[in-house]
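Protein chains: 6
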Amino acid sequence: MKTAIFPGTFDPFTIGHFDVVQRALQIFDKVIIATIGDNQKKKTLFSSEARAAMIKQAMQPYAGKVEVVIYDTMTVDFCRAHHSNFIIRGIRTVGDYNFESIMAQANQKLSPVIDTVFFPSRPEHAYICSSVVRDILLYQGDVSAFIPKGMEIAAISCAKK
Amino acid sequence: MKTAIFPGTFDPFTIGHFDVVQRALQIFDKVIIATIGDNQKKKTLFSSEARAAMIKQAMQPYAGKVEVVIYDTMTVDFCRAHHSNFIIRGIRTVGDYNFESIMAQANQKLSPVIDTVFFPSRPEHAYICSSVVRDILLYQGDVSAFIPKGMEIAAISCAKK
Amino acid sequence: MKTAIFPGTFDPFTIGHFDVVQRALQIFDKVIIATIGDNQKKKTLFSSEARAAMIKQAMQPYAGKVEVVIYDTMTVDFCRAHHSNFIIRGIRTVGDYNFESIMAQANQKLSPVIDTVFFPSRPEHAYICSSVVRDILLYQGDVSAFIPKGMEIAAISCAKK
Amino acid sequence: MKTAIFPGTFDPFTIGHFDVVQRALQIFDKVIIATIGDNQKKKTLFSSEARAAMIKQAMQPYAGKVEVVIYDTMTVDFCRAHHSNFIIRGIRTVGDYNFESIMAQANQKLSPVIDTVFFPSRPEHAYICSSVVRDILLYQGDVSAFIPKGMEIAAISCAKK
Amino acid sequence: MKTAIFPGTFDPFTIGHFDVVQRALQIFDKVIIATIGDNQKKKTLFSSEARAAMIKQAMQPYAGKVEVVIYDTMTVDFCRAHHSNFIIRGIRTVGDYNFESIMAQANQKLSPVIDTVFFPSRPEHAYICSSVVRDILLYQGDVSAFIPKGMEIAAISCAKK
Amino acid sequence: MKTAIFPGTFDPFTIGHFDVVQRALQIFDKVIIATIGDNQKKKTLFSSEARAAMIKQAMQPYAGKVEVVIYDTMTVDFCRAHHSNFIIRGIRTVGDYNFESIMAQANQKLSPVIDTVFFPSRPEHAYICSSVVRDILLYQGDVSAFIPKGMEIAAISCAKK
Numbered sequence: 055m056k057t058a059i060f061p062g063t064f065d066p067f068t069i070g071h072f073d074v075v076q077r078a079l080q081i082f083d084k085v086i087i088a089t090i091g092d093n094q095k096k097k098t099l100f101s102s103e104a105r106a107a108m109i110k111q112a113m114q115p116y117a118g119k120v121e122v123v124i125y126d127t128m129t130v131d132f133c134r135a136h137h138s139n140f141i142i143r144g145i146r147t148v149g150d151y152n153f154e155s156i157m158a159q160a161n162q163k164l165s166p167v168i169d170t171v172f173f174p175s176r177p178e179h180a181y182i183c184s185s186v187v188r189d190i191l192l193y194q195g196d197v198s199a200f201i202p203k204g205m206e207i208a209a210i211s212c213a214k215k
Numbered sequence: 055m056k057t058a059i060f061p062g063t064f065d066p067f068t069i070g071h072f073d074v075v076q077r078a079l080q081i082f083d084k085v086i087i088a089t090i091g092d093n094q095k096k097k098t099l100f101s102s103e104a105r106a107a108m109i110k111q112a113m114q115p116y117a118g119k120v121e122v123v124i125y126d127t128m129t130v131d132f133c134r135a136h137h138s139n140f141i142i143r144g145i146r147t148v149g150d151y152n153f154e155s156i157m158a159q160a161n162q163k164l165s166p167v168i169d170t171v172f173f174p175s176r177p178e179h180a181y182i183c184s185s186v187v188r189d190i191l192l193y194q195g196d197v198s199a200f201i202p203k204g205m206e207i208a209a210i211s212c213a214k215k
Numbered sequence: 055m056k057t058a059i060f061p062g063t064f065d066p067f068t069i070g071h072f073d074v075v076q077r078a079l080q081i082f083d084k085v086i087i088a089t090i091g092d093n094q095k096k097k098t099l100f101s102s103e104a105r106a107a108m109i110k111q112a113m114q115p116y117a118g119k120v121e122v123v124i125y126d127t128m129t130v131d132f133c134r135a136h137h138s139n140f141i142i143r144g145i146r147t148v149g150d151y152n153f154e155s156i157m158a159q160a161n162q163k164l165s166p167v168i169d170t171v172f173f174p175s176r177p178e179h180a181y182i183c184s185s186v187v188r189d190i191l192l193y194q195g196d197v198s199a200f201i202p203k204g205m206e207i208a209a210i211s212c213a214k215k
Numbered sequence: 055m056k057t058a059i060f061p062g063t064f065d066p067f068t069i070g071h072f073d074v075v076q077r078a079l080q081i082f083d084k085v086i087i088a089t090i091g092d093n094q095k096k097k098t099l100f101s102s103e104a105r106a107a108m109i110k111q112a113m114q115p116y117a118g119k120v121e122v123v124i125y126d127t128m129t130v131d132f133c134r135a136h137h138s139n140f141i142i143r144g145i146r147t148v149g150d151y152n153f154e155s156i157m158a159q160a161n162q163k164l165s166p167v168i169d170t171v172f173f174p175s176r177p178e179h180a181y182i183c184s185s186v187v188r189d190i191l192l193y194q195g196d197v198s199a200f201i202p203k204g205m206e207i208a209a210i211s212c213a214k215k
Numbered sequence: 055m056k057t058a059i060f061p062g063t064f065d066p067f068t069i070g071h072f073d074v075v076q077r078a079l080q081i082f083d084k085v086i087i088a089t090i091g092d093n094q095k096k097k098t099l100f101s102s103e104a105r106a107a108m109i110k111q112a113m114q115p116y117a118g119k120v121e122v123v124i125y126d127t128m129t130v131d132f133c134r135a136h137h138s139n140f141i142i143r144g145i146r147t148v149g150d151y152n153f154e155s156i157m158a159q160a161n162q163k164l165s166p167v168i169d170t171v172f173f174p175s176r177p178e179h180a181y182i183c184s185s186v187v188r189d190i191l192l193y194q195g196d197v198s199a200f201i202p203k204g205m206e207i208a209a210i211s212c213a214k215k
Numbered sequence: 055m056k057t058a059i060f061p062g063t064f065d066p067f068t069i070g071h072f073d074v075v076q077r078a079l080q081i082f083d084k085v086i087i088a089t090i091g092d093n094q095k096k097k098t099l100f101s102s103e104a105r106a107a108m109i110k111q112a113m114q115p116y117a118g119k120v121e122v123v124i125y126d127t128m129t130v131d132f133c134r135a136h137h138s139n140f141i142i143r144g145i146r147t148v149g150d151y152n153f154e155s156i157m158a159q160a161n162q163k164l165s166p167v168i169d170t171v172f173f174p175s176r177p178e179h180a181y182i183c184s185s186v187v188r189d190i191l192l193y194q195g196d197v198s199a200f201i202p203k204g205m206e207i208a209a210i211s212c213a214k215k
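Protein chains in written order, with the numbering used here: chain P, 55 to 215; chain W, 55 to 215; chain U, 55 to 215; chain R, 55 to 215; chain H, 55 to 215; chain X, 55 to 215.
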């Protein structure tokens, strides 16, 4: 059984992320979505619990093949602990590629058996990213076109300050 | 059984291409390397026969899981004919990404079930590309550090004029 | 009356080009589509006459506000001859931007009153470009999703060798 | 009458921004410069009042055709409220393009009638950006070559902490 | 005697930085490594004293030709004060280039006699950067492959909060 | 004595190339400009003799410190033959960087002691490149702002067909 790890902040999860999981499930038997825990390094709009809950809601149609986990270790350590050698990431732009290729190479240095594969975003998702969703939420705009069907944005009270 | 198609010109095949196949075989059960036939559109240094022969030589250690085919159709038609929904490509630079993401999206438009996944090059292969190999060959330089072990560059007489 | 010049090879015209013209007509009163003449510098698949004829067919809904001209001068000279100070170009990728910003700056150097404005492509057109269309035509594939409605690809006999 | 919206932080306004407005006024009848209000999301060196005051000072030669407004809504809502369908942005680098094309596509998704056009920076302004100006100010350097003539940098006491 | 200034945050110094100094010493007689002082603008993991101490440790083999200084002025002012007209920077990615070319042009504007030269990273260092090192340290991972031999990561107690 | 090699096609030499040589002479004692010979791989507008003659004319003010040579070997072999370990190249855009960093890394692989340093173009030269000059020449435009003072474009009869 081949398992892929999909690590990220997912603050919040978008239809772009959803699409990556759907496509990865064509290749892998299982995908573990690993959302980073609350820590001092990166301020997030949603708490890790809220993020994980939203992802679970979004991925319900694939419940048997997808797991959602909060993690707070190095990504390669998370892969090892879950017996997976594969990290998956979506790439929307040249800026994404620039950053992600560095992370992929660093992870391979830290753990040579762990490989990263990239899914190029579908054109209609090129502008769908968590920071745009957060911008829209800031002004109480409508984000329904940017997040998976059935996923409800966690109540404001869940958002960390 | 999951088969991936690795299409390309491979003029000639390099250790960067070899690495992509090795890594893809961790995920897919079989890889079909599809080298483009001789046509008027793209001038190549090596004939398609020479290119295919060199690839077969390079991939001998993986003979059971790798097939080498000359093709002269659209890539998506080749995928359909070989019952594969997966195209794989290596990405070395932002320039590669720019070009390959367009091709991936165009192929998905032409055949929605066919997906493309990218393997980011290992850092030590970042500068390994067929055009650099051809440049070195032009001046009778030593390309042994750029091509797979055991693969011998086809005789000059194989090169098309 | 404000006129914009849309220069290009348009080998052939695509729905991406069509979209740029439509959007430019929201800002400018008239758009002159200037397709480069047949010359030794750039080999094209279609003759300039075939290209111009296809563009006219595509732009018929906007016949009163769009003109199609074959030109064989520097772009800035064409602008001057048509009393326009504005060049418009569509931008799909970082690669496009890299090239087009150089041309825009060179044109401004050659003629300081002439300015260039860029229209970022719509996401769903990011992969629509003339070279992909030509690739598909090479293998007799279906390009109807890539070209404007009503525009028929000129007969093979029009294509230059 | 055609109005364009030029949204931004302008922390502070530079000769690059000034150039975009001047060029936009060749195409549009009016430009509304919309500087983002003080909010928790983005720390600025200058308060929104100081930024707006500096921009008004800089744009005095075009007073009849330029308006300066502090806003605190989504950009597309601001456009609607001011009856404009056009957003303008200057592009200096590939990094700018990468970010701005995402924002342009997201805005078009949120409000399909609103379009964004890009003005490629003049070569001599390629390195002129607000963050460089802030860096120089941090060390009490001379920023007169980076800001519009006649615009005086607001007193330190205006800067937010 | 030709002296080059190598300014940076170096939070912390990596084998990529070390490589730039080694290569610069082939061209210049002396390299002054200038690490930015503690200031409110940029939060660092290590204090400037800890950063300078680590760099001195790393550069011990080149002690006679390398100087390490904490600075808190504009880079061009530092160059003038140390009678150097040359800034050196390593470039790993397109993102680095985008940022560094802006800084180089801004510095040349501020002081026309001061020039910047770039050293393209060696391929095996492409993913070596301070932020990756800090990420690994955050989880108590092993950074020995990312920092110069003999350089010991300063005790946690040196890290600023 | 430190010598740098400046290899290129220089078809033709521009004020951007001239600027690179001037700046390199601040660091190196001598610069050898190596223009590639006539060969089947790359069609040029000017013959190698015409290109070398134009460069000599342009560099006359620096005659004692600059040499102009036509070469037809690998660049690293040329460096060895001229006892230089340094290649210099100008970088104008992200596209340039993408290509040049690959060549620099490949050359370092072929000859580990040979290093490449990049000079970022001055902003006002960002759009100055040989291909733009050739485009203008194609239409008999005025290229005097793009080439060094005193350099006269070689007669049409020198251009290769």
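Misleading hints may appear alongside valid ones.
Unchecked claim - Label-pair restraints from in silico Cβ distances:
#1 P/K119 <-> X/S185: 31 to 37 Å
#2 H/K96 <-> W/N93: 27 to 33 Å
#3 H/K119 <-> X/N93: 41 to 47 Å
#4 U/G118 <-> R/S165: 43 to 49 Å
#5 X/Q114 <-> H/M55: 46 to 52 Å
#6 R/Q111 <-> U/F153: 36 to 42 Å
#7 U/P115 <-> W/A135: 35 to 41 Å
#8 W/E206 <-> P/G118: 47 to 53 Å
Keep in mind that the hints were calculated from the coordinates and are not lab data. Backbone N, C-alpha and C define an ideal beta-carbon position, used for all residues, glycine too.
Report task. Could you tell me which of the hints above the structure violates, numbers in ascending order? Result -> 1, 2, 4, 5
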